[in-house]
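Chemist: Please work from the sequences and hints to get the whole structure.
Okay, here's what each chain looks like letter by letter:
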Amino acid sequence: MYRIILEHILQNRAAIAGLLLLVAVILIAVLGSFYLPGDPWEMANAPMLWPGDDPDSPLGTDIMGRDIATGMVSGAKVSLLVGFASAFISALVGITFGALGGFYRGWVDAFLMRITELFQTVPQFVLAVVLVAVFKPSVVTAVFAIGIVSWPPTARLVRSAFLVLREREFVLAARTLGMSDPRLILTQLLPNALPPVIVISALNIATAILTEASLSFLGLGDPNVMSWGTIIGNGREQVVDAWYICGIPGIAILVVVLAFNLLGEGLNDALNPQLHKR
Amino acid sequence: MSELLSVHKLATCFHSRRGIIRAVDEVSFSIAAGETLALVGESGSGKSVTAASILRLISAPGRIEGGEILFQGQDLLKLGTAAIRQIRGNRIAMIFQEPLSAFNPVQSIGTQIVEAIRLHRKVSRKQAFEQAVTLLERMGIPSPAQRVHEFPHRLSGGMRQRAMIAMALSCEPDLLIADEPTTALDVTTQAQILELLKELQAANGMGMLLITHDLGMVAETAHRAAVMYAGRVVEEGSIDRLFTAARHPYTAGLLASVNIEALAPGTKLPEIPGSAPSLLNPVQGCAFAERCNARHALCDKQTPPLATDTEPESFPGSRHRVACFLPARPDAIPLPVESEAA
Amino acid sequence: MNAIIENHLTTNVGAIHQNATQNVPPLLELKRLSKIFTTDAGQVHALSSVDLVLQRGETLGLVGESGCGKSTLARLIMALYPPSAGEILFDGKNIAQSDKAERLARHARLQMVFQDPFSSLNPRQSIGRTLEEPLIVHRRGDKVARKARVSWLLERVGLHLESAWRYPHEFSGGQRQRIGIARALALRPDLIVCDEAVSALDVSIRAQILNLLLDLRAAYGVAYLFISHDLAVVRHMSDRIAVMYLGKVVEQAPSENIWRAPLHPYTQALMSAIPSPHRKSILGNKKRIILQGDLPSPLNPPSGCRFQTRCPYAEARCRAEEPLLQAADKGHTVACHFAIG
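As you go down the protein sequences, you meet chains V, G and C in turn. For the first sequence, the working numbering begins at 1 and goes up steadily by one. For the second sequence, the working numbering begins at 1 and goes up steadily by one. For the third sequence, the working numbering begins at 1 and goes up steadily by one.
If you are wondering where the hints come from, they were derived from the structure by calculation, not from laboratory data. As the structure is a computational prediction, the values presented were derived from the model and not from experiment. Wrong hints could be hidden among the right ones.
[Unchecked claim] To list a few chain C residues with every Cβ distance to chain G over 12 Å, as calculated:
| hint | residue |
| --- | --- |
| 1 | Ser34 |
| 2 | Asp51 |
| 3 | Tyr81 |
| 4 | Leu104 |
| 5 | Arg124 |
| 6 | Arg206 |
[To be verified] Simulated DEER-style distance windows between Cβ atoms:
| hint | chain 1 | residue 1 | chain 2 | residue 2 | range |
| --- | --- | --- | --- | --- | --- |
| 7 | G | Gln107 | C | Ala316 | 37 to 43 Å |
| 8 | C | Glu162 | G | Thr308 | 41 to 47 Å |
| 9 | V | Val140 | C | Gly141 | 43 to 49 Å |
| 10 | G | Arg18 | C | Ile136 | 32 to 38 Å |
| 11 | G | His149 | C | Glu162 | 54 to 60 Å |
| 12 | C | Asp215 | V | Val164 | 32 to 38 Å |
| 13 | G | Ile20 | C | Tyr81 | 45 to 51 Å |
| 14 | C | Asp215 | V | Gly106 | 41 to 47 Å |
| 15 | V | Ile115 | C | Arg139 | 36 to 42 Å |
All C-beta atoms, glycine included, are put in the ideal place defined by N, C-alpha and C.
Modeler: Here is the structure:
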């Protein structure tokens, strides 16, 4: 089954483009650490060097003389880490809420869905800002804050999938075998509800990277870690004289978000069984 | 006999990533005015694709690749989109298996019938509405003046199918294509709808193409039947002859497996082994060969053509065609039959 | 042919009699079983006070149109939801009162084959895994023994052994139904509930599956509750038939009694509605009855006899008084004021 899906992904141009971009970013994050092992916060060169002015700082330096290339590599790691980790948390919470609500229905569902709605009615970004501000700003708090605000759509998706699946005959058949509820949920329902969750998680990663950048831009990033949002935030005063300081990380964010969106789109096509039959 | 519809060597293919699917291949048949021809076959035999081809309702990845469809002497395959639209719903109407999905759920059935009438007839909304009520009444819908305002989901399955027939007949078509019209209905409702269709046909003299997998329904409704297998017509003839003296082994096998009432309870049923072949990458020769117990060396090499059969003494004047190199003897399976349509 | 039918009947009826005299409880017994679903539109009386008995090794056919409650009945028996009133006794024990161990043991003895071969298999599980699942849940055998059992099952229902590695979408409807039957057979049950098990299949495939079910009954003495809307198929498979209309059993008899001499007007209409190329052989010279109107809403069932609104013979008494099931002949009961005498 998954082999077929992989084949479909490989036949989808959007997915391939997304995948290639993603691999490129991961390579930059990993290999970059070897080539540019310096501290991104340290003054490495003369300040305000334009990209190409000095071969030691290929992407230039900011007003404090910090090397932008080193910052970019550090930011790539932060972005990917925050993106994957918070999307994982979001999927975990969303699947748990959605699966339990959709499977048990009744008051369990009503209770879980009220909580979900509660989270949906509060503006996501504002909640994330409050959460990060209340706890100490750090990568870990950012991951949790973003994960906690972004799970409701996943929960709704899983719940609606479960409501349909639980009436399907293969699930009834498994119940007539005397299968226990956890086993039923994990082996029968969940594998069939996962494809849309995978798609939404890819999109969640993109949103999480944007949110993290926004938090850092507002100065709510981890003070010990250089992220793309921090670079943009630091460079915003000089945006007229030295637009590259904001531009380079800006383009990086655009590319990564685009990569995950393309990947999500491609996965959506590949995982959609209706399109398989053609 | 003047032919209302005459399909000649129709071929419709679907182009998929894995190859070409020949859903309909060299299909030929004709229907006279006032006549019902049943297109019988199991799922995937190409009967519904044939019906959709007649109305040119095939969309990509499907394509009609050959043949001609003469309707009142005019080749439907050569008409432009505007001209074919003038024929659809007007001179050729169609009813579907699932009336709930054929109706727009957010409009009352009356509104939808009025739409259908005004699409092809220049009448006022009021006149069309009165016509709609009359039509519903003719279809045996109780209190039609109230029912006309109902939404599709508020009607029962049988009522919905009646409403759909009313809509199909609103422009008095010359040909009605009924694609599995009773499959979604209960047996007792099914009987009602079949009676209704027969009555309407007797009154209007329209031709009818009945698409079904149900041989019992064919026997009770149609005058002639064409049996399809793997995209081709394998046998065609009058109901009387086809049901008493089928010559193609597939037709004979189907009839035997339906004839469950004549068997002693609990005994083994005659079965056709295996399952229908994939239409993708078709095998050489007769598509039925691998399930056939009369298989011959020639069957694997050539596709048997649909040839006109001899006229036995018991069925004088019967037009009968069969596509088999070794057809069964015409008197091989005598079964009692009572065709009500005849 | 008559002799064969007679012979078939006497052997089965004989076996059933033996059970009764030995004081063994019937395999399945339904006592005044009712199910009411509460919906936004009101209360749906899906099943009203149904009594049925199924003996060991017997096949009971259940016929009726959609909405008659036959699928609800199947799901109540499978304990997929609880009854609103009444009891289900399996092997003499009320299934509502069983503890966890008893429940698991009963699941092994009571299996089901579903209608839709495309929905009844998990699309993301290999066939081998699907067939092994019941054995794992019930802790039958080790890995090697389970694999052997899966191979045996595949062979028994006429599928290749390599099928174990494949996924449901690679199979045709008929093959999937074979897999569904193999799954039901995995734990060697005493009773298999077949809910419209052949209605989604093509005619040429239907015969294959019915033959397989007949085979399995002959080989393992399994009992069937055979549910279908198709009276001809039910008659072929069953020893006894119960006809249901709008949540009630309206007639129950040995299948040849129903087939030859149906007493309830609804059964007669059902018989005569069967579209058949061989009508004369069923109906003889009797006139075809076509029912008027539609099935009444189960939200608001008619007063008196539930069939009264569509019955060609209905009289004032039918609207006022609900007919009870009464014995018309040996083993033949019917719920109609005018069917008897």
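Chemist: Does the hinted range 41 to 47 Å hold for Glu162/C and Thr308/G at CB?
Modeler: Check passed, 45 Å falls within 41 to 47 Å.
Chemist: Evaluate the condition: distance from the CB of Tyr81/C to the nearest CB of chain G exceeds 12 Å.
Modeler: 24 Å, holds
Chemist: Just want to verify: Arg206/C was marked as not at the interface with chain G; is every Cβ pair farther apart than 12 Å?
Modeler: Violated, since 7 Å does not exceed 12 Å.
Chemist: Measuring from beta carbon to beta carbon, are Asp215/C and Gly106/V in 41 to 47 Å?
Modeler: 43 Å, holds
Chemist: Kindly confirm whether 37 to 43 Å is satisfied by the beta carbon distance between Gln107/G and Ala316/C.
Modeler: 42 Å, holds
Chemist: Checking a non-interface call: every C-beta of chain G should be farther than 12 Å from the C-beta of Arg124/C. Is that right?
Modeler: For Arg124/C, whose nearest Cβ neighbour in chain G is about 22 Å away, the distance exceeds 12 Å, so it holds.
Chemist: According to the definition I'm using, a residue is off the interface if its beta carbon is farther than 12 Å from all beta carbons of the partner; does Asp51/C meet that for chain G?
Modeler: Answer for Asp51/C: holds, closest chain G Cβ roughly 24 Å.
Chemist: For the pair Ile115/V and Arg139/C, does the Cβ-Cβ distance stay inside 36 to 42 Å?
Modeler: Check passed, 38 Å falls within 36 to 42 Å.
Chemist: Kindly confirm whether 43 to 49 Å is satisfied by the beta carbon distance between Val140/V and Gly141/C.
Modeler: Once the Cβ atoms are compared, 48 Å apart, the range 43 to 49 Å for Gly141/C and Val140/V holds.
Chemist: That 32 to 38 Å hint for Asp215/C and Val164/V (C-beta), does it hold up?
Modeler: 35 Å, holds
Chemist: Could you let me know if the closest chain G CB is still more than 12 Å away from the CB of Ser34/C?
Modeler: 23 Å, holds
Chemist: Look at the Cβ atoms of Arg18/G and Ile136/C and judge whether their distance stays inside 32 to 38 Å.
Modeler: 35 Å, holds
The structure shown violates just one earlier hint, number 6.
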